[in-house]
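**Student:** Below, each chain spelled out in residue letters.
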Amino acid sequence: MRPAPFEYFAPRTVEDALDRLARHGGDAKLLAGGQSLVPMMNMRLVRPGVVVDLNRVAGLGGVREEAGGLRLGALVRQHTLERDARIAAAAPLLAEAAPLIGHLQTRARGTVGGSLVHADPAAELPACMIALDAVFHLRSARAERACRAQDFFRGLLATALEPDELLAEIEVPGAPAPRTGHGFAEVARRHGDFALAGACAVLGLDAAGVCRHARLVIFGVGDGPHLARATAGLVGERPLAARLGEVGRAGAGEIDARGDLHATAEYRRRVAAGLAARALGGAAARAEAA
Amino acid sequence: MTARPGSTAHDIAVIVNGAERRARVIPRMLLADVLREEWGLTGTHLGCEHGACGACTVLVDGEPTRSCLVFAVQADGCRVDTVEGLAGDGPGLHPLQEAFRARHALQCGFCTPGILMTLVAYLRRHPAPSETEIREALSGNLCRCTGYQHIVQAALDAAAAGRAAAASV
Amino acid sequence: MKFVGDRHLRKEDPRLLTGRGRYVADIALPGMLHAALLRSPHAHARIRRVDAARAREHPGVVDVVCFADLGSAARALPMVPPHAELRGHNFTLFAGDRARYVGEPVAAVVADSRYAAEDARELLEVEYEPLPSAQTLAAGAPPVHDDIPDNVAGRVTLARGDVEAALRAAPRVARLRLRIGRGGGQPMETRGLVADWNAALGQLTVWASSQVPHQIRQFIADLLDLAPHQVRVIAPDVGGGFGAKLIVYPEDVLIPFLARRLARPVRWIEDRLEHMLAATQEREQEHEVTVGFDDTGRLLALRDRFVHDTGAYTPRGLVVPLLTASMLTGPYRIAAVESSFESRYTHRVPVTPYRGAGQPQAVFVIERVLDQVARETGRDRAQVRLANLVRAEDMPWDTGLPNYRGSGHVVLDSGDLPSVLRRVLESARYDALAAEAAAARAQGRLVGVGVACYVELTGVGPFESARVRVDAAGRITAFSGATTQGQGLETTLAQIAADELGVTPEDVSVIAGDTAGVEHGTGSFASRAAVVGGSAVALAARDVIAKARLLAAKALECAPADLEQAGAAFADRRRPERRVTFAELARLAGAATAALGVEPGLESTRFFQPTDMTYSSGAHVALVELDALSACVRILGYWISHDSGRLINPLVVEGQIQGAVALGIGSALLEEITYDESGQLLAGSYMDYLLPTATDVPAMAIDHLETLSPLNPLGLKGVGESGALPVPAVLASAIEDAVGPAGGRVTRMPLGPARLLDLLPPAPLLG
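The listed protein sequences correspond, in order, to chains U, A and F. So for the first sequence, my numbering puts the first residue at 1; every next one is plus one. So for the second sequence, my numbering puts the first residue at 1; every next one is plus one. So for the third sequence, my numbering puts the first residue at 1; every next one is plus one.
Simulated from the structure, these hints should not be mistaken for lab results. Treat the hints with care, as some may be off.
[To be verified] Derived DEER-like restraints, expressed as beta-carbon distance ranges:
1. U:Ala241 - A:Thr132: 25 to 31 Å
2. F:Pro149 - U:Gly155: 46 to 52 Å
3. F:Val173 - U:Asp256: 22 to 28 Å
4. U:Val46 - F:Asp471: 55 to 61 Å
5. U:Glu162 - F:Ala628: 44 to 50 Å
Backbone N, C-alpha and C define an ideal beta-carbon position, used for all residues, glycine too.
Can you make the complete structure from the sequences, with help from the hints?
**Tutor:** Written out as structure tokens, the structure reads:
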């Protein structure tokens, strides 16, 4: 399998990249890590007339600490999430999820931004970013705008990104309160596969051990990552196991689950409920220890 | 005359196994193809062409990379290391290759170069891996012949030998 | 024996480890063109028109070819082997007026690069008239071939004794319905060919990633009207076969056809998506089993009726279902047996053997039966097996069922099956393991132990060839009609030759899979290469050393009894300064006169024609845990005891077993090829067809027992497929143990997450 022909540009600045996008519109694809895009191009499922390679663009690949949180350039490689001590400190959820994203080779090249923009419903990073209440900074030749992660994912492989926009930076806020913990759990058929179902949670406790805030995102089950509404009921309560189980089940029940070759909808929903409880439990335990 | 889209050739210069190589490539030419067809380094193999099997793994700037998912033009100015460069200029094999031979860690040999390159990069960063860690590191390399057990043993042997060599320096 | 039995490091490794293997995609000839094939997107369609006008105009395109261009090559490929019950059909090089499966070749584009060929392929305009297709094994499906309206490719019944009477008389009867899904060999290297027609020599040279170069040569000669001496087929380094490269495919003749037509070398490398579509598959069957047994768990009667999906063509006739049917009783003594099947055509890729070849299905059936019998009689599963196994003193054991070749019965020639089972039980600490599993279950964990036994049919004929030759420079070469796809023949055949010749394996070069090396050959499949190929090498090498001794005695003017061999030279024991080397003897033989009393050349070509198949055996134990939430299976421990006769190289044997078990794990838990109602492949890439990775395959403990085969000079038995045979069965056994009596029964393979979830006991019991 070899891709269909395309013109190739490797701009050095974001402005040049945006200019290319503006000029070629829907016929252009941005190339970051290529781990999702190039297989589709090799299989000729996707045939852009123009490929704009972002790998030489200055200023897209950095990690900065800011106000207890992080600013991640979109081209930060996925394996940086495993390797960078600042990320482990400021956003340990990302460090925990990272080793489960694909494989050694895909994380060496694949980027944080690329995974977010590709928006596979079973991908880990979109869900983690929503759980962390991240904000995505989008740029086009026309304008710059910010979009909350929870507003960015719009359905199966669809995002709020306009054809002439690129995701430039991801702002991960610092933990909202001193006693905050994260949890992560997923089930995949093989190590590194996309999740059959997964959940990530961020939960904060007050000094008395009462939950003050909780975010739960379930992925792999529906058309995209799902921010559970059921966690609202946790605020003001103790995160007891039975309660977390209820919340997990309720959260999974909010999703229009899909079935495919690998798992039925019922399977996904059932497993997601258990994983959600596990993720919440992990977050609560870490919050306790914080 | 309008040039056909995608026919613009790009000149690339790549440091392959320590020596500069040049080529003129069209954008869609895969890194795997320029290595194999243009530069005759056929040790890197294509098993799936959609980034799933790992047979095409080479090192790009030291990182294990699926060469079926990188366009040759993207490798301009980069360092690429392939299996042909592992053994160096002397008559012997790289310690990892020796370990593979001693443990019968290859059968048909098709996936082997990709696995070697993945392990070389991995062991540089993780000189004391557990068996579980090695298996996880290899999760992106498919082998249909061996069942992986001998590969894992060879990797553990090579890691131990590497630590012993480092300790004796 | 000095080298046979040795864990000799492989001679092929230095080249393969340093990237100096030569696989077919590595071969580039001057002026070489590249082919891309257009394949039918429909499972069943009339092909009304192929319009290549736009494709031909694409830059870089040299030719576009379809069925109408084949001329006298438009005949169907021959079918191997025939069977009285077979209503068979084989491929043509292209689909002609009708395509019968998604992926059937329709046209070929030949261009100056693969890139251009794929571009031009998109410009081909084919007018299809889609037709209804047969996508189930149910009766009444649309006919695949006009002359076979009921889609039955063959109906066979194999029987021993009176199974109806025995079932009626049996104290207990149980019934099972079992289903096995489709899978494929999936070697890491896809198929491919380079073909080169040299008009000056009138010679076609073909490099093919194949398990059967001699068969390819025969089919090329047949369809392209060439004499065999005009066709040379070479299997270079081959990146795995596992059955996917076992048959002669349309492409194996088509690419040479193109090379001849264009008078330029042509290379075609199958891509993985094509391989998913067009490489043959196997395993799909539906079984209805009835077993009669007594209260002690002894099997009295077994009846199995199954339907087999053979796909759109029958390039291997009825071989797969015949193997399943004839191997049904496996290692067990059952007095009354009836095994019958219907092999049905479907509009799908043809079914031909892949690693295991119909036997994993038979093992799955009989082992599920035994677990059922154990459950109903309250006996331990291992004990029930021991009670029913053929014993060492029963050997040779005639199962009473005709073998798949129709050359006689399945006769287990040798082995000690109870010992093999006892050894694995011991090495796994079975009783303690079962107790630990039970204790874990009492704690709410889903842990279970499984056991399964098998025999494997190996060493099939008709023959294998070997030519062993010492040349005038003293180089020793062993040419074999077998081929290697990773099983180490360059080393194992050298070990055999070295022992016979009194030299070292490093002194012997093995050239396998080249029709120029030996005139007649069969190939590597059915766990035969080492057994039959190795036996032929031994015979030829024995001839050579005998001739060498004769010549040495004459050259040294001494009695043969006074000859002393030291490596590749002989000396006269009484006058040790008088020596003659193999090289000198070869030169002497090269000029042999009548007076010398021998024919020229220090070489011999021999064939080994096995009188019967020889049977390996084994037993596996597995310890598994299912996750209570996801039902996903982790294999915590895996133990193997096997008997594959004399081991030429235990290192190689262990590798074969481990690899085959890994493939078995894939077929049990991960790999399934499924189609939608219109015959479109659902698992079309490695995103969906999941192969086991290093994290899916456990470490395995392997114990060897060597009961020599009486059927060949070295006592060899095959082992290449052994590891794959019992894996679905042993995992089924372990999973059922893990989910306990309140959980489900395993009646189908493979077991993906949803099916596993259905097996879990109802939630309240999980605590």
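**Student:** The structure should be examined with respect to each hint, and the outcome stated for every one.
**Tutor:** So, going through the hints one by one against the coordinates:
Separation of alanine 241 (chain U) from threonine 132 (chain A) is about 28 Å and conforms to the stated range, judged on CB atoms against 25 to 31 Å. In this structure the hint that proline 149 (chain F) and glycine 155 (chain U) lie 46 to 52 Å apart at CB holds, the actual value being about 47 Å. Here the CB-CB span from valine 173 (chain F) to aspartate 256 (chain U) is close to 47 Å, at odds with the stated 22 to 28 Å. Restraint check, valine 46 (chain U) to aspartate 471 (chain F): a C-beta distance of roughly 57 Å satisfies the suggested window 55 to 61 Å.
At about 45 Å, the beta-carbon gap between glutamate 162 (chain U) and alanine 628 (chain F) stays in the expected band of 44 to 50 Å.
Checked against the numbered hints given earlier, the structure breaks only hint 3 and satisfies all the rest.
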